[in-house]
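Q: Sequence:
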Amino acid sequence: VDLDNVAYGFMASQALFSGLELNIFDTIAKAGKAGASLQTIQAAAGISAPRLQTLLTALVSVKCLRRSAEGLYTNSPNTSQYMVSTSPAFYGDYLKFQIGRQFYHRMGALTEVM
10 VDLDNVAYGF MASQALFSGL ELNIFDTIAK AGKAGASLQT IQAAAGISAP
60 RLQTLLTALV SVKCLRRSAE GLYTNSPNTS QYMVSTSPAF YGDYLKFQIG
110 RQFYHRMGAL TEVM
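Going by this note's numbering, the sequence shown opens with residue 10, and the numbers climb by one from there.
Please keep in mind that the hints were generated in silico from the structure rather than gathered at the bench. Keep in mind that a hint or two might mislead.
What the hints assert, rightly or not - Straight line, CA to CA, 30 Å or less: simulated BS3-like cross-link-like pairs of lysine-lysine:
{"id": "1", "residue 1": "Lys105", "residue 2": "Lys42"}
{"id": "2", "residue 1": "Lys39", "residue 2": "Lys72"}
{"id": "3", "residue 1": "Lys105", "residue 2": "Lys72"}
{"id": "4", "residue 1": "Lys42", "residue 2": "Lys72"}
{"id": "5", "residue 1": "Lys105", "residue 2": "Lys39"}
When you get a sec, could you build the whole thing from the sequences and use the hints?
A: As C-alpha cells, then:
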C-alpha cells in the first residue's frame, strides 16, 4: 500500500471539491481549447487572493488541469467529461453534495464514533 497516497489523499479530493464549488472547471471549459488565464479564473470565481494559484497548482498536480508554458489552464479529458456542468456525463454535483458535504465530513469524525 502507498501510505503517502492514503495519508495525503484528502488534499487531492479537497482540491477537486473546491474546484467544483468555485466553478473552476466550467470557467476553463468556457475559455475553449486555448485555455484560461489565472486572471480570467480569478474574475469568474470572484477571488483575487494568491491562494487561488495554489489551488490551481494542486489541481494540475493531481491531473485535473493542465497548465501551458504560457500559463493558461485547460481541463484534462476526464475533467472535461465528468466535472464540467454542461457535459452529458457530468457528475460533479454528486461529488460536491454527497461526498464533499456529507460523507467527507462524517468520515472526518470516524475515530469519535468508534
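Q: Which hints, by number, does the structure contradict?
A: Hints that this structure does not satisfy do not exist here, as all of them hold.
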